[in-house]
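Novice: The listed protein sequences derive, respectively, from chains L and A. Note that our numbering gives residue 297 to position 248 of the first sequence, counting from 1, and the numbers run on in steps of one. Note that our numbering gives residue 428 to position 232 of the second sequence, counting from 1, and the numbers run on in steps of one.
Source of the hints: derived by calculation from the structure; they are not laboratory data. Accuracy of the hints is not assured; some may be wrong.
To be verified - Below 27 Å or equal to it, Euclidean Cα-Cα: the simulated DSS-like pairs (lysine-lysine) are: (1) L:K91 with L:K189; (2) L:K417 with A:K253; (3) L:K394 with A:K485; (4) A:K253 with L:K459; (5) L:K425 with L:K403; (6) A:K248 with L:K394.
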Amino acid sequence: MEQKSSAAAVGGDYKYGFVTDIETDTVPKGLNEDIIRMISAKKNEPEWMLEYRLKAFRHWQTMEEPTWANVQYPKIDFQDIIYYSAPKKNAEGPKTLDELDPELLKTFERLGIPLSEQKRISGVAVDAVFDSVSVGTTHKDTLAKHGVIFCSISEAMHTHGDLVRKYLGSVVPISDNFYAALNAAVFTDGSFVYVPKGVTCPIDLSTYFRINASETGQFERTLVIADEGSFVNYLEGCTAPQRDENQLHAAVVELIALDHAEIKYSTVQNWYTGDKEGRGGIYNFVTKRGKCAGRESKISWTQVESGSAITWKYPSCVLLGEGSQGAFYSVALTHDYMQADTGTKMIHVGKNTKSTIISKGISTGHSKNSYRGQVKIMPSAEGARNYSQCDSMLVGDKSSANTYPYIEVKNSTAVLEHEASTSRISEDQLFYLQSRGLDTEQAISMLVQGFCKDVFKQLPLEFSVEAVKLIEMKLENSVG
Amino acid sequence: MNQAIENFKQIFAELQAHRALPALAGTPLAWLERERELAVEKWSVDGLPTRKLEAWKYTSVQAISDAEIVDAGGPDARALAELESVHESARMQVAVAAELVFVNGRFIPQWSTLPHIAGLHVLSLAAALRSDVPYVRNVLSAMRETFGSAAHKGAETAFAALNTSLFRDAAVVIAEDDCFVGSPIILTFIQSGTASSRVAPQRMTAVYPKVLAHFGRHSQGHVIENHIGPNGATYVSTSLSDLHLGDSSHVSYVKLQREGDHGFHVGTTRVFQARDSRLDSLQISLGAKLARHDLKVRLAAPGAEAVVDGLYIVRDHQHVDNHTAIEHAVGDTRSDQLYKGVLDDESRAVFNGRIWINQDAQRSNSSQLNNNLILSMKAEIDTKPELEIFADDVKAGHGATVGRLDPEHLFYFQSRAIDPASAVAMLAEGFAQEVVFRRGSAVVREALLPLVRQAVRGLKVSVR
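Please work from the sequences and hints to get the whole structure.
Specialist: Right under this line is the structure:
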């Protein structure tokens, strides 16, 4: 009860808009080589890591911000951002999760993420990232029994340096794009997963990202490696406090699937969206890419994008291995003044590779929702197959929905289908539901859920329930 | 700045010095003289497009930019005699309402047939400027409102701007209110080009075919634009056609491109549609080494409707690029697009279809489909159907497919004792014919079907 009322008091519509009052350890504002050295030193990183960061930073300085996306925002001052912020800890640092700052534990509790031992009933291992650092990882013992490595990437740098060094930047190189280069230079933490040969990860893995401090940016880096014949289900969630300023979130996620391995990566993105007038909110400029390196490997991205003032995100699959498969399932909901330019890239390189794209966009209020996707069949991709479906739904006459699919075929044995449609909620369907006693809001919510069903059914059960609730809540506030 | 632009500047300066450009001052087309100056500014500053521009991402016109451009001269009697065979193959086997023939952009009266239908005016530019028919004079000066640069905010390509600056003659088609024309009006543009050389940079002649067409209230007609050139000759044709469809008019428009195998065709068609007008457009691309076509349709008043189709059949190293942009400016408008392509050898096709539905354009309905059939291993297709929608009460959809012939289909033909090559040709013909069968006019269908058959049979299909 208490939780609810305080959230309502602070947050209004956005239930996660509260701020945790906690002492933080931050670096000065701005970005230069000294800041990068400072971050690296704070994290006590190996020498090669610092080299990697500096190389990325030097490259980033030569790059220009991309402007091709269908989003508008004032120019970001990269010198006006705090690149590192961490909850203060004792010199020793907590040995176990129970020794964590109670304020921190409470924060995650309020977000619905139980970290303390006795509460861990959900059967999902969680790595909680607070501002710039990982504060704790649960279920480590269970995972260790199966040989699964799940920890923060800073920890992995020390304990599994060889793996990190081998794979970091192998899917998203530092020169990939402006924000990926920035991330490589300043990333502060993130999750690291390694699933050994033939192991099916016994529980779902999850990372929960929370931005708390003001004027900071969050730059996390996730690296998931599924070795031969392994399987892992990975979930990701995120929230941030409600503020008038815009905060930058530029993450990089790299997935690597070796022979016969499968990675399922699901995201429910619920960063603060800004208020009704479009003030504040998170700029979510993210690079996510998976590499199906092995034969018959599989990577699937499922995302529910319902937050952030601006989203700029294209989870992609590079299908190298023969017979590998990529999938992208997405629901993007925009309301008020949100802008989303999201989609995927499927690059078919290997023979008999397959990809599926299902994208559902819902725009309400004054928002802009664009799907931008690319399907590329390289000359070597004999027998490639792609199916894409992109549907948009418009609610209200002030929003817009755009579709920009790029289809490039360089091998004639490929078979591709692309379909897209845009429509609004059918009056007849609404009338029917209302004649059955549902009010307008319930009826719209039901129709939207039906519209998104193809994507929701790809989510793990808990996430699916959360996603449905989230969409319901968002619609409540935006359907007039 | 590149070679071609320098040459175009010289050409323009010389033409001005010799007063060789059409004198428009004091005529109903006086506004075009001002447009000419604006257009020069555009292409001489921006230059020709490069692949860095989104609209030219998949099509490089470097070969044109690097070429040495010469202005195509008007043909003398000897040149015409040499082109007689091209003229012969350009002929379409239909009864025509009128036919204007242009060689290198100049009107050739002896090859043309003028109309004998009340209310229909099909004229060369010179004749149109001399015309004392009030309807013609009014229409020509009113075209400024729909096709002047103010109406397009300078959004046309550098090639369309080149046409506006350098055109020497034009085909003018004007149908008065209530005029009904049952047989096609054919506008034939023959390019002579220069013999192509094997070494770069190429020497290229430039031609600027131009069409100004206006269909009055309740009028009906068929226009077939027929572009052709000899094989082996190098040239660049920057055609620009402007069509104005008046209230409740019904116009079928076919642009048939059969340029020579070393020719470059970079053309634009702009259509303005008034209330309840209907456009039935088909863009057929069979020839040219590189063909690019931009089709812009503005559905400017309620009830306007456009069927916008295309067909490309390409082989060898041919490159064809179709860009369509349909603007639903107001509500209760409808558009339907079907572009089909057959690709053989190492040819490459690009399709970019953009549908724009304005914020007030409620109850708009639009659909778009691009189907591609690939017959060889090395052909390449890049397709990009775009939707930009700002109104909520609309129906919009697009689709794109890329595939090859179904082996089961081929097997069926073979089990009926039809050899593989014929089977492929028959299936490909069936695939391509669909767009022709979507034409409302039987006369137009009859005129086009043999051309499609000939193009498909010309593919040297390698059967695997």
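Novice: Hint check: K91 (chain L) vs K189 (chain L), CA-CA at most 27 Å. Holds or violated?
Specialist: holds (24 Å)
Novice: Would the pair K248 (chain A) and K394 (chain L) pass a check requiring their Cα atoms to be no farther apart than 27 Å?
Specialist: At roughly 20 Å apart (the allowed maximum being 27 Å), K394 (chain L) and K248 (chain A) satisfy the hint.
Novice: Taking only the CA atoms, is the gap from K394 (chain L) to K485 (chain A) under or equal to 27 Å?
Specialist: Judged against 27 Å, a Cα distance of about 31 Å means the pair is violated.
Novice: Measure nothing beyond the straight line between the CA atoms of K417 (chain L) and K253 (chain A); if it is 27 Å or shorter, mark the hint as holding.
Specialist: holds (25 Å)
Novice: Is the hinted pair K425 (chain L) and K403 (chain L) satisfied, with a Cα-Cα distance of at most 27 Å?
Specialist: holds (12 Å)
Novice: Sort out whether K459 (chain L) lies within 27 Å of K253 (chain A), counting only the CA atoms.
Specialist: holds (15 Å)
Hint violations for this structure: number 3 only, all remaining hints satisfied.
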